[in-house]
Amino acid sequence: MNEPCKPFQSSPPGQSDLPDQGGGPVSHPRDVSTLLDHPPLHSLLPILYQAWSDGILTPDQLGDLNRRLRETGDSEAANRLAPWLDPERPPSPVALAALRAAVRTTPGDDLPGEKPYPPATQVMEELTGIPVGEAARALHQPVSDSLDEERLPSSLPPADPGRLARYLDGPHASLRRQILDLLQEPDYQLPLDLEMPEYRERVLKVLRRLAGLGLGARAYPQEFGGGGSVAEALTVFETLAFGDLSVLVKFGVQFGLFGGSILQLGTRHHHEKYLGPVGRLALPGCYAMTERDHGSNVRELETVARFLPENDAFELHTPHPGAWKDWIGNAALHGQLAVVFAQLHVGGESHGVHALLVPIRSEEGAPCPGVTIQDCGRKVGLNGVDNGRLAFHRVQVPRENLLDRFAQVTPQGEYQSPIPGEGRRFFTMLGTLVTGRISIGAASVSVAKTALTVAIRYGEGRRQFGPAGEREIPILDYLGHQRLLLPLLAETYGLHFALRELIQRYAREMERDEPDLREIETRAAGLKAVASWHALAAVQAAREGLGGRGYLEANRLGPLRADADIFTTFEGANPVLLQLVARGLLSDFRAGMGDLRPWGIIRHLTVRAGTSLSERNPVVSRRKDSEHLRDPDFHAGIFRYREDRLLVSVARRLRGRVEEGMDSFQAMNECQDHLMTLATAHVERITVEALRDGATRAPTPGLSEALSRLAELYALSRLESHAAWHLEAGTMEDGKSQAIRTEVNALCGEVREHALLLVDGFGIPDGVLMAPDGVRDGG
Numbered sequence: 001m002n003e004p005c006k007p008f009q010s011s012p013p014g015q016s017d018l019p020d021q022g023g024g025p026v027s028h029p030r031d032v033s034t035l036l037d038h039p040p041l042h043s044l045l046p047i048l049y050q051a052w053s054d055g056i057l058t059p060d061q062l063g064d065l066n067r068r069l070r071e072t073g074d075s076e077a078a079n080r081l082a083p084w085l086d087p088e089r090p091p092s093p094v095a096l097a098a099l100r101a102a103v104r105t106t107p108g109d110d111l112p113g114e115k116p117y118p119p120a121t122q123v124m125e126e127l128t129g130i131p132v133g134e135a136a137r138a139l140h141q142p143v144s145d146s147l148d149e150e151r152l153p154s155s156l157p158p159a160d161p162g163r164l165a166r167y168l169d170g171p172h173a174s175l176r177r178q179i180l181d182l183l184q185e186p187d188y189q190l191p192l193d194l195e196m197p198e199y200r201e202r203v204l205k206v207l208r209r210l211a212g213l214g215l216g217a218r219a220y221p222q223e224f225g226g227g228g229s230v231a232e233a234l235t236v237f238e239t240l241a242f243g244d245l246s247v248l249v250k251f252g253v254q255f256g257l258f259g260g261s262i263l264q265l266g267t268r269h270h271h272e273k274y275l276g277p278v279g280r281l282a283l284p285g286c287y288a289m290t291e292r293d294h295g296s297n298v299r300e301l302e303t304v305a306r307f308l309p310e311n312d313a314f315e316l317h318t319p320h321p322g323a324w325k326d327w328i329g330n331a332a333l334h335g336q337l338a339v340v341f342a343q344l345h346v347g348g349e350s351h352g353v354h355a356l357l358v359p360i361r362s363e364e365g366a367p368c369p370g371v372t373i374q375d376c377g378r379k380v381g382l383n384g385v386d387n388g389r390l391a392f393h394r395v396q397v398p399r400e401n402l403l404d405r406f407a408q409v410t411p412q413g414e415y416q417s418p419i420p421g422e423g424r425r426f427f428t429m430l431g432t433l434v435t436g437r438i439s440i441g442a443a444s445v446s447v448a449k450t451a452l453t454v455a456i457r458y459g460e461g462r463r464q465f466g467p468a469g470e471r472e473i474p475i476l477d478y479l480g481h482q483r484l485l486l487p488l489l490a491e492t493y494g495l496h497f498a499l500r501e502l503i504q505r506y507a508r509e510m511e512r513d514e515p516d517l518r519e520i521e522t523r524a525a526g527l528k529a530v531a532s533w534h535a536l537a538a539v540q541a542a543r544e545g546l547g548g549r550g551y552l553e554a555n556r557l558g559p560l561r562a563d564a565d566i567f568t569t570f571e572g573a574n575p576v577l578l579q580l581v582a583r584g585l586l587s588d589f590r591a592g593m594g595d596l597r598p599w600g601i602i603r604h605l606t607v608r609a610g611t612s613l614s615e616r617n618p619v620v621s622r623r624k625d626s627e628h629l630r631d632p633d634f635h636a637g638i639f640r641y642r643e644d645r646l647l648v649s650v651a652r653r654l655r656g657r658v659e660e661g662m663d664s665f666q667a668m669n670e671c672q673d674h675l676m677t678l679a680t681a682h683v684e685r686i687t688v689e690a691l692r693d694g695a696t697r698a699p700t701p702g703l704s705e706a707l708s709r710l711a712e713l714y715a716l717s718r719l720e721s722h723a724a725w726h727l728e729a730g731t732m733e734d735g736k737s738q739a740i741r742t743e744v745n746a747l748c749g750e751v752r753e754h755a756l757l758l759v760d761g762f763g764i765p766d767g768v769l770m771a772p773d774g775v776r777d778g779g
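Residue 1 is where the sequence shown starts when you use this note's numbering, and the numbers rise one by one after that.
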């Protein structure tokens, strides 16, 4: 194998290191002046230097170069170059330095010379692969020391980040800014060096202050000391997610899960007794649903609550270790009262899962009689939250401790419920979880905003490499870096608008006497799943985008990734939630169609998909012009069509299996991948529509146009990721797939011009980002 030449070999001891010496005795003088005295060689001098400096030529290639130079007919040029092309005697560092100096001091208009280049230069360029002009610029033109760069003028009007922040903040801007101001104070910032016991106490201290400001009770009715606003409560949670996530999660457990379940599952006497102390954090509590053996299968929980008429009380019992309540926030250290989900047994009959209030710890911190508490210990993240395990050994609580909004037990032991069916009653009760899922979805978007703000600011300021002879360029100018971050930025904006729309719908619905949450539950489950996965993808991309800086704990990306990881699991594991979404879509599908006969399918698709069916038209599938690919109507149609086609095809698959006698559970299991793909397609379609609507409503000029580019990037980047599916479905042909890839590249370049505006528009203060020197200001 040929070895490459060694570019910086020193002269052997005793040898001269003058410019005309190349590491040993030579038969020809190695003097730069011999090259400069022959004008046809001027244009190849930069290549000659670059070839030796970078060590790119092997001995065989040097021999070939010598031979080709003699074949040009310019024997004088070949003779003068021969000493500089000897593989056995490479130029010394001194000789190379003299060559570099000669190139730099030669008048610029003599280098690289007029085209066509002399034959010797053409041969040198061809065999080395080094362009003449690029080599000359690298050596001849000085590199600017300035990091200030005049960027090309944008094709869009200028926009103000403050104006964008006000638009994104929405109707609760002052509340968001109040919390962001708090998060900049030292007590609220993420500690990097506390042991777990001190960290837990610090988080509790922060929670007490938040409770004192009335922020924990925003969702509770005003008559019980709250703010009476579900939207404000969700705003508080979403904004706290820019800070320490241990504070966020403990806040959510205390005021959302614990207090929220008392509000949603209890009745007035529970509200009067408990909501005030819960909101003030005078009564710390837990939400004890999950069991070790059952996880997401809440309906099969094994903790039992048996009514004892003689005592007018319920007796709670954990039958075996697999029924321990596990991963219960606030349980290990601070919780005094728990909302415990258990199988309710009355008069020897089981009525399914219900919730009861159970004291677990005294004010002094001792476990209550019959209650066993274990600390889960250190976790991958969120070590400011005291997760624990709970077991109950025949613990009795008064009958009034049953949260009885949906079911009551009389003193005589008669079970009563306005909802006759156990299954419907169970799912009605679990509908109260929708607040938590919306909260985690919104918090996940805040995590993504934090990570991408750090990464994009860094990418704007960090300079590396660049054109020969010119200053280094920001790494955000590289297409690969744009591809890494900007589609994620577009998705973050899409999820922002989708979740804001969901929050508004949910808040309006909760003001009604009989809220209908079916569609909201489906949408909340899907957005929570997609947003939490997206948050982790954004944090990982940001970590990689910062290179070594991304591994510093101080810039928050490592702790953020560890803390947010659990978002994919609690409030429902994501794969389970996506199946819930698919089931909801199938229920709507069945209601809209009545059956799955061919004419019913055609009628359903015609009504639901509308013009999206035109995407199957071969002319449309082959269209690849930019105007068409960026058309919002094209995006709306093709995303709707994909969702509808997946819905119809999975319905057919399920129907066929069931008609063949397969158990419905097995049929669902065999189609599980199809169901999850359907659910994801549904969320993507919602997100495309929400981002487009958000862009349309944004102020113009400037903001609406910039957000429209984001909407186009999100839609086309998702289409690019699903290209194989569309090729199989016939909605896209090869040329269109390639054109979409090209358009995504172009949009990355366009969005890049506004990347700083778009992350600054999130309005996250530097004091919250906690970036290290050089990252906060993008340097």
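Don't read these hints as lab results, they were simulated from the structure.
A virtual CB, placed ideally from N, CA and C, is assigned to each residue, including glycine.
Be aware that a few hints might be false.
Pair by pair, the computed Cβ-Cβ distance ranges are [claimed, not checked]: (1) 181 x 55: 37 to 43 Å; (2) 480 x 633: 27 to 33 Å; (3) 223 x 483: 51 to 57 Å; (4) 633 x 537: 26 to 32 Å; (5) 295 x 734: 40 to 46 Å; (6) 465 x 767: 39 to 45 Å; (7) 309 x 208: 39 to 45 Å; (8) 655 x 465: 56 to 62 Å; (9) 349 x 765: 33 to 39 Å.
Comparing the hints with the structure gives:
1. Separated by about 57 Å at the C-beta atoms, residue 181 and residue 55 break the suggested range of 37 to 43 Å.
2. Judged by the Cβ atoms, the range 27 to 33 Å given for residue 480 and residue 633 holds: they are separated by roughly 32 Å.
3. At roughly 54 Å, the beta carbons of residue 223 and residue 483 sit within the given window of 51 to 57 Å.
4. A C-beta distance of roughly 29 Å is found between residue 633 and residue 537, which places it inside the suggested range of 26 to 32 Å.
5. Separation of residue 295 from residue 734 is about 44 Å and conforms to the stated range, judged on CB atoms against 40 to 46 Å.
6. A hinted range of 39 to 45 Å is violated for the C-beta pair residue 465 and residue 767, which are about 33 Å apart.
7. Look at residue 309 against residue 208: about 41 Å separates their beta carbons, and that is inside 39 to 45 Å.
8. About 58 Å separates the C-beta atoms of residue 655 and residue 465, a value consistent with the hinted range of 56 to 62 Å.
9. The beta-carbon spacing between residue 349 and residue 765, approximately 57 Å, falls outside the hinted interval of 33 to 39 Å.
Going through the hint list in order, the structure does not satisfy hints 1, 6, 9.
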